[in-house]
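Number of protein chains: 2
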Amino acid sequence: RPLPWGAGYAEVINAEKSEFNEDQAACCQISIRRREPGLEEDEEWLILCSTQFLTGYYWALFDGHGGPEAAIIASNYLHYCIKQKLEEVVGGITEAHPPMHLSGRCVCDSDPQFVEEKHIHAEDLVVGALENAFQECDEVIGQEMEATHQRGGCTALAALYFQGKLYVANAGDSRAILVLKDNIVPMSCEFTPETERQRIQHLAFLFPKLLDGEFTRFEFPRRLKGDDVGQKVLYRDYFMEGWGYKTVEKADLKYPLVHGHGKQARLLGTLAVSRGLGDHQLKVIDTNIEVKPFLSCIPKVNVFDFALHDIKEDDVLIMATDGLWDVLSNKEVAHVVRSFLAENRTDPHRFSELAKCLVRRARGKKRGHQWMLDDSQEASYDDISVFVIPLHNRDED
Amino acid sequence: RPLPWGAGYAEVINAEKSEFNEDQAACCQISIRRREPGLEEDEEWLILCSTQFLTGYYWALFDGHGGPEAAIIASNYLHYCIKQKLEEVVGGITEAHPPMHLSGRCVCDSDPQFVEEKHIHAEDLVVGALENAFQECDEVIGQEMEATHQRGGCTALAALYFQGKLYVANAGDSRAILVLKDNIVPMSCEFTPETERQRIQHLAFLFPKLLDGEFTRFEFPRRLKGDDVGQKVLYRDYFMEGWGYKTVEKADLKYPLVHGHGKQARLLGTLAVSRGLGDHQLKVIDTNIEVKPFLSCIPKVNVFDFALHDIKEDDVLIMATDGLWDVLSNKEVAHVVRSFLAENRTDPHRFSELAKCLVRRARGKKRGHQWMLDDSQEASYDDISVFVIPLHNRDED
Chain A
23 RPLPWGAGYA
33 EVINAEKSEF
43 NEDQAACCQI
53 SIRRREPGLE
63 EDEEWLILCS
73 TQFLTGYYWA
83 LFDGHGGPEA
93 AIIASNYLHY
103 CIKQKLEEVV
113 GGITEAHPPM
123 HLSGRCVCDS
133 DPQFVEEKHI
143 HAEDLVVGAL
153 ENAFQECDEV
163 IGQEMEATHQ
173 RGGCTALAAL
183 YFQGKLYVAN
193 AGDSRAILVL
203 KDNIVPMSCE
213 FTPETERQRI
223 QHLAFLFPKL
233 LDGEFTRFEF
243 PRRLKGDDVG
253 QKVLYRDYFM
263 EGWGYKTVEK
273 ADLKYPLVHG
283 HGKQARLLGT
293 LAVSRGLGDH
303 QLKVIDTNIE
313 VKPFLSCIPK
323 VNVFDFALHD
333 IKEDDVLIMA
343 TDGLWDVLSN
353 KEVAHVVRSF
363 LAENRTDPHR
373 FSELAKCLVR
383 RARGKKRGHQ
393 WMLDDSQEAS
403 YDDISVFVIP
413 LHNRDED
Chain B
23 RPLPWGAGYA
33 EVINAEKSEF
43 NEDQAACCQI
53 SIRRREPGLE
63 EDEEWLILCS
73 TQFLTGYYWA
83 LFDGHGGPEA
93 AIIASNYLHY
103 CIKQKLEEVV
113 GGITEAHPPM
123 HLSGRCVCDS
133 DPQFVEEKHI
143 HAEDLVVGAL
153 ENAFQECDEV
163 IGQEMEATHQ
173 RGGCTALAAL
183 YFQGKLYVAN
193 AGDSRAILVL
203 KDNIVPMSCE
213 FTPETERQRI
223 QHLAFLFPKL
233 LDGEFTRFEF
243 PRRLKGDDVG
253 QKVLYRDYFM
263 EGWGYKTVEK
273 ADLKYPLVHG
283 HGKQARLLGT
293 LAVSRGLGDH
303 QLKVIDTNIE
313 VKPFLSCIPK
323 VNVFDFALHD
333 IKEDDVLIMA
343 TDGLWDVLSN
353 KEVAHVVRSF
363 LAENRTDPHR
373 FSELAKCLVR
383 RARGKKRGHQ
393 WMLDDSQEAS
403 YDDISVFVIP
413 LHNRDED
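Residue numbers (my numbering), protein chains in the order written: chain A, 23 to 419; chain B, 23 to 419.
Source of the hints: derived by calculation from the structure; they are not laboratory data. Please note that the accuracy of each hint is not assured.
Because identical chains cannot be distinguished in the list, a pair is counted as satisfied if it fits within a single copy or across any two copies.
Stated by the list, open to error - Distance condition first, Cα-Cα at most 25 angstroms in a straight line; then the derived BS3-like pairs of lysine-lysine: (1) K247 - K268; (2) K105 - K254; (3) K314 - K231; (4) K105 - K268; (5) K268 - K322; (6) K334 - K285; (7) K254 - K268; (8) K231 - K305; (9) K187 - K247.
Use the sequences and the hints to build the structure in full.
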């Protein structure tokens, strides 16, 4: 089936290097049923007469770990959770300042003023709905996985075009960027054990039992060993952005809560991401230590308002799992996007072709036993999924 | 005594409107004793031979609440805590990459590589020292206040010039900005119940007992009342940057944990700041609810590297308590700074005069019973303290 807006999509399974794909993608139109404000649910005959629909467009990528199951459930349910959460607040969405009461009835004369003072806009309700939808979806995944005795989790990156604005909600290490004619606009940031170190260490400080005596919450440049005991070594605690020196005790020799650097960074030696959906049953291998308390399912939502920008014909949103971004920088991706679209003006499938082109670039070419990039760097060995979403001829609703 | 660098300072007590000044200021040179790396403490005769000193310059503002006592103790101790924490790590500060072991001895051949991979620089040790110094100073204040049966707390804004870099550490709602020839560089951000809502609500979610059944952790645009029960009203929980609608229950009628807007925002109906020193004994009036668990004494540290900037003759650092920033924006302050310094090129006391000028501008003029600004806005009724620190002819050390 054609993607909305003629968007392009491409994926490759572990760069064809293995047989399992843990990435999942989803996209669809979301119709949000709107009720006439001021009507109660018992006035259903009126509701039926006045039902209208608001239309949203949705694209999402899920990068599974510990199996594809969580990513599959998320790809089947997240859009429904979003639809549901938007419908719950739709009465407040169509006005510039949402009413204090969803019913629209004014309990207190100065209510509109309170709402205005807090700078609450329709856009904030959409952001809140996305935040709540991720939480709801995480619960659904937890139930489904428990019922079917499956395990695993996934990252989630979702884009929603709604009422003239683009919302990008991210929980994990996928990434979305806008490639515009003159600049690149990052629409997400990555949540990894490294970027969320302080939040994770703080939880361990507040609830030391979560580590069950097996891990140390302190960060050190490397794992310590017996020779380090009694010495002062570089360390960071939860409240520190800077570094200090700590006299090493025997307890510091335990495995660190957050350990490793860059792509090797791990939470509890187990997970490479700190936000996402699922992982309700995940335990640190050979222990009873649960990973889920340290994970967050809440996305950070970024908003792009089309009314404030002059969108050009080749401007696109690129969404991709870490398989792409591990080997290509934002700049490199933007360069490929701009030159590809400039060279392929008339191809009706240019956005799909561009998605394939990006995937091919990150997968590299096989030379002997290795997959290499054009510049002889090692290629991505991960699954790679890419959405290319044109922004110019977007549907008007 | 003259301020280092010919810096200027001015203060006014409650704009001369009351008799108590809760602001305190401090500034001094900090000499950090440096030991030859590789020497143990038992080789003290060698240490004595090779002692050298590194010099730092320090300016700080403290805005007290519930009395001036905490601010006074902080102004007497924080520089000492900073000196102490810097001396503890000085062995690692003088090298570009601090050694893994403070002793300089290499336990593991690849230690320098681990440190480099983590991007740990000398500057991170200074940041860590400042973070630890604030925590230490908070403990000292707690002990002093308990011993002398005093109460109260204070914000803390500290600037340290050290090894060619300016470090600004802030815990509270004071502010520091660099006014340069062509731009304004904010060197701090404010920590208030409003800016730290999510951190505060999250603590209440994790430890509901802290609210003792007297407060609700949810945020609403206004305090709810009986008429709101059963209705869906706008709300935010700890995980939300956006807003949603919540069906009001009776428990939601409790006083909100974070309430009010802008300068009226309060934590537990009690405090207007969410970070600072002291307040160890502070309880919500007529209850046993402690405020301290929700406060943080950890500063956010911003660094400005002079080696990366061409500093002009009239470039200055402005530090001031909220008394100034409540009525003058960064832009307005920068305008006053630039025009005053341009008009007073030769006055040897121009930086002090500028500090006085800024204080006078924020205090306004008395018209009838009111203090008014030039543009007929109401003037600041708070204490106002201002440092003007020239950056061009800074001492070299």
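Right, here's what the structure says about each hint:
1. Taking the closest pair of Cα atoms, K247 and K268 come within 25 angstroms of each other only inside a single copy of the chain (14 angstroms); across copies the shortest separation is 52 angstroms, beyond that limit.
2. In this assembly of identical chains, K105 and K254 lie within 25 angstroms of each other by CA distance solely across copies; the values are 19 angstroms between and 54 angstroms within a copy.
3. Taking the shortest Cα distances, K314 and K231 sit within 25 angstroms of each other both inside one copy (14 angstroms) and across copies (23 angstroms).
4. In this assembly of identical chains, the alpha carbons of K105 and K268 lie at most 25 angstroms apart only when taken from different copies (17 angstroms versus 51 angstroms within one copy).
5. In this homomeric assembly, K268 and K322 come within 25 angstroms of each other (Cα to Cα) only across copies, at 21 angstroms, whereas the closest approach inside a single copy is 34 angstroms.
6. Proximity of K334 and K285 under a CA criterion of 25 angstroms is satisfied in neither setting, with 35 angstroms inside one chain copy and 42 angstroms between copies.
7. Only within a single protomer do K254 and K268 lie at most 25 angstroms apart by alpha-carbon distance; the minimum there is 5 angstroms, versus 52 angstroms between protomers.
8. When the C-alpha separation of K231 and K305 is checked against a cutoff of 25 angstroms, the pair qualifies only within one copy, where the shortest distance is 14 angstroms, while the shortest distance between copies is 29 angstroms.
9. Taking the shortest Cα distances, K187 and K247 never come within 25 angstroms of each other, neither inside one copy (53 angstroms) nor across copies (35 angstroms).
This entry does not satisfy hints 6, 9, going by the numbered hints stated previously.
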